[in-house]
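Since each chain sits alone in its own frame, please combine them into the complex, following the hints.
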Amino acid sequence: MSATVQTGPATPAGPVSGLWPRRPLGDRAFQLLALLSGLLVLVILVLIAVTMSQQSTQWFTTAGWSGVFSADWDPTNNKFGAMSFVYGTAVVSVIAIAVAYPLSMGVSLLLNEVVPRRWAQPIVYVIDLLAVVPSVVWGLWGFAVFIPWLQTTIYPHVASAVNHIWILGNLFGPLNGNYVSGASFFTGGLVLAFMIVPIVTSLSREVMATVPGADKEGAYALGATRWEMIRGVVWPHSQTGIVGATLLGLGRAMGETIVVALVMGSSPTITSHLFTPGYAMPGVIANQFGEATVGEFRAALIGMGVLLFALTIVVNLTARAVVERNARRIRGSA
Amino acid sequence: MEQPEQDVVTQTVSTHLPKLETTVRATSQTPGTAIFEVKNVSIYYGAFKAVTDVSLPIYENEVTAFIGSSGSGKSTVLRAFNRMNDLVQGARVDGEMTYRGADLYGKDVSATAVRRRIGMVFQKPNPFPKSIYDNVAYGPRINGIRNKARLDEIVEKSLRRAALWDEVKNRLKQSGLALSGGQAQRLCIARTIAVEPDVVLMDEPASALDPIATLAVEDLIRELKQNYTIVIVTHNMQQATRISDRTAFFSVLTDSKNDTRTGVLVEHGPTQQIFEDPRDSRTQAYVTGRMG
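Chains A and B, in that order, give the protein sequences.
Take the first sequence: its position 53, counted from the start at 1, is 53 in the working numbering, and no numbers get skipped.
Take the second sequence: its position 218, counted from the start at 1, is 218 in the working numbering, and no numbers get skipped.
Calculated directly from the structure, the hints in this document are not laboratory data.
Bear in mind that the values here come from a model prediction, so they are computed numbers and not experimental data.
Don't take each hint at face value.
[Unchecked claim] Covered by chain B, according to a simulated footprint, are these stretches of chain A (three or more residues, beta-carbon under 8 Å):
| # | stretch |
| --- | --- |
| 1 | 221 to 229 |
| 2 | 233 to 241 |
[To be verified] In silico negatives: residues of chain A with every beta carbon more than 12 Å from chain B:
| # | residue |
| --- | --- |
| 3 | ARG22 |
| 4 | ARG28 |
| 5 | LEU35 |
| 6 | LEU110 |
| 7 | VAL133 |
| 8 | SER160 |
| 9 | ILE165 |
| 10 | VAL211 |
| 11 | GLY295 |
| 12 | ASN326 |
The beta-carbon is built from N, C-alpha and C at its ideal position, and this holds for glycine as well.
Isolated chain B (complex conformation) (with noise of 0.2 Å):
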């Protein structure tokens, strides 16, 4: 218990000291190619219309950040990226929303396929009441693995990639509920990638996790990048800076006439640029800390 709480601290040590270099870092101007492509979409929840009309695209293997205040539907755009607003009741998506190419919404398409290539992590860790390594193997086993070894080596993998594997490899029998926060949501990392998912969305992935463990999961995000596409929905702009390549800016709208309100995208573009250079006046209020 003792010896990997000291591995987290070494780790955040070392990321600690170059955050100044990753703020300032600059981003590809030139974007891969788009995953995601997102048109005209308003999403609604029964007669409430969460957010209106946002556009923008998502590229391959950056990490985009969604920054905006409480109820700019920042999360409800994340999660219809893989149709899990299809469980709540009454919600409905309008517009178009592709994946490489694909309608996302299309008639014959099923939601537990897009789940299968588009992963989720959850604002608050969530392992299920199972061992360490069922709740890794989970995913896999759902998708017809059943050969132990095969088993093993995704869970050794998915592990050692979410930074956990040193921590945890003497007790893979025990349950995933007797870790610390920090490392349940590593361990809810771990679970994500295990189905070698094309996408992870994160919702607010660090806002119940304690500084160390935030820096951790940071730096696992930055590592992930290599390999996915990773969207993350955050309270915390600094977070955004250190590990997002382009940020989305979330408002609401207040339509007082009417008394409704909606979620709207500002703007989008390099996170450097959103920053330093926002065009409009409400990201600029947003980022300077003079609003929301």
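Pulled out of the complex, with its shape left as it was, chain A reads as follows (with noise of 0.2 Å):
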């Protein structure tokens, strides 16, 4: 090899130059830049998870495992479990999750197969004006508006409809007899949902409109319906990527706190009626933090933190899984 480079005849003898030219000054920069960006997240994510521990540490190890996860919730005489507030979050997300997932597939799929490009376009903007209204006027207006209407136009009339029937009734109907409130989990669900009905559609929509149009041609060759076509290209198609929106929306409804803080009545309570008042993780601290000077109070605020921290670690964690599990399967053995 290198005898055929010596006798070339341009390269005279001796070791060649220029293979080996200093790096240009802006590629080590943008190097370096990209690496410490790179590290800085990672060490601001370890400081927040270490930070966060040591503050709540008191909490934990004088109310122990029993104590966190109670129900029992009264700072007053010092009794800080947060159980009620676990239950708050999951129940609020589930219901927000519940809602948004259909309302999004729907708005998704009617924008990618039913309408025409340029009338598709208008609905985008809107939805996606939706998505930058600030999470305080969502608050606001699910406690002004949204909250008395469903008080007094909505849930009596749901609630006496169910009362009696099987789990419809534990679920909807009224607790002791007659009581509902417009705020509510069930309030705290439907407004998160609206609110992150936005991203979930965006995110399905964009997932959606990468379907091969040959697969879709396909199905349709076949005789296939449109819903005929939805359904069996469509959807396996972007199944992975739906997952991984719904996910994405059920991580902003768990962390999102103004809303949870405004529209669900503040009342740690475990029940399964949703039309009573609850209280999720990000409502509590946003609400009593500023009353949590000192001790275990304080330090009970911010191991909620951290709980919902995990939590939320989990929930996205299980979404990779899923999500890599799918789209093994769908890509065949390989």
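In structure tokens, the structure reads:
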């Protein structure tokens, strides 16, 4: 190899030059910048986890596991059980997803498969506008407009209609005979659903738009109707991405603070009745942190933050696992 | 994985030898019944006139090949037979197209019903992201067949007819996307014939395949002719002579004054005549390779 290089007429004998120039300054600077930014993200994440855990150790050591996961929240008597908040967060998140998922799927399919492109665009603008409404505006709207309306016009009728129906009565029936509240688990879930519909829709829409036209034609050529084509082709193709979009929405719903602080009624309760007030983890942190100046109260609220943090990480990891598994199954064995 | 490939090879060898014989095979000069009648059909995409004034019959249980250069409108005409053009915004068909005497574009004719009788295989293999079994069972299922035993039977029969059964029978649950190009195309053919169509339209079904897979698909087309009427668009003239009974030659007509182009049907007839004794000089130029 080296012999042929050296016998080349244009190459003088001896070592070749110019193969090892110094890399340009911009290259090296950019590499350093990229490396530092990447590390910074990791460092911030670890620092948050470590400092938050440190500041909350008092709660975990004093209350113990049974104390932390009890439903007894009574700061004046030094009872700091987080269970009703965990329950509240779980319930509103489930409601938010249960409402937002079908709504988002419907809108995405409508925009991608039904409405002609030039009419779809204005609808997309409106949906994207919803996404930039600040969460405090959603919260205020929920509190000042949505809650009174639900309390007087919707909930009492629904509650009395399902009162004696098995399961439905337990979920939507009135508590203790006639009690329903506008500020409730369900309202929290609904407002969160409205908040996450834009992001879930926008992500699912993009996923669905990547379904190859050839595959859709394949289904149509077999005599599929539009709906049959969607079920047979669009669905399996976009499943993975849609799961991702939905879980991203779920993550947002779980962490969203101001809405749950304003519209859930702020009452730490564990009940199956969704038309009654509840409380979620971000809500109690926002509402009570100002009063919690010292000691275990403060540690408990910070600890709640740690729990929430852990919960969102678990949801995210699960999401990734599900997405990976689906993708593998669809790609085939490879 | 290794075993099936062997299968394809042996198949290829057997078809490779009698190729000459098939090329000069005499076509029946007395055609059967016409399954499609195309009369003065022009097809538009918006303001663009893609094909102008096409008239031709398609005969039952024959393979009709559409040949011609790009832009000559052969695919457009093919896609008009099962109303796939309906899916393109602004597409419009003028003139008369009948299928077994019925107006394909009649007022109450449903495009989905048309497509259940007139299936289509595409240029690029397009298996759905589902298992091999579910790919084939997709059509029967949307036709309302739910019975497991019945579906099993249809899936096996269709895969056998598409000469794919032996290669996939042990991995029906695997994704259709894991198949090789040639296998995927045969899966698409199996999927198409699983709904028992009357006609199978093929839009350059082998152009994305390697030569061995191409010959396997061609073999299959000859097989399928027994039960189906086939219309195939191809860029490959050898392929047209190998598999078709009749050939229709399309060409581009350029109007330099208005700077417009449109596809026209130049000539159609028995394949042997089109290739050996074309009536039109443009056909002759094309089939002898002097043009297009």
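Against the structure, the hints:
no.	hint	verdict
1	221 to 229	holds (count 6)
2	233 to 241	holds (count 3)
3	ARG22	holds, 47 Å
4	ARG28	holds, 43 Å
5	LEU35	holds, 37 Å
6	LEU110	holds, 17 Å
7	VAL133	holds, 34 Å
8	SER160	holds, 41 Å
9	ILE165	holds, 32 Å
10	VAL211	violated, 9 Å
11	GLY295	holds, 56 Å
12	ASN326	violated, 10 Å
Of the hints listed earlier, those the structure fails to meet are numbers 10 and 12, in rising order.
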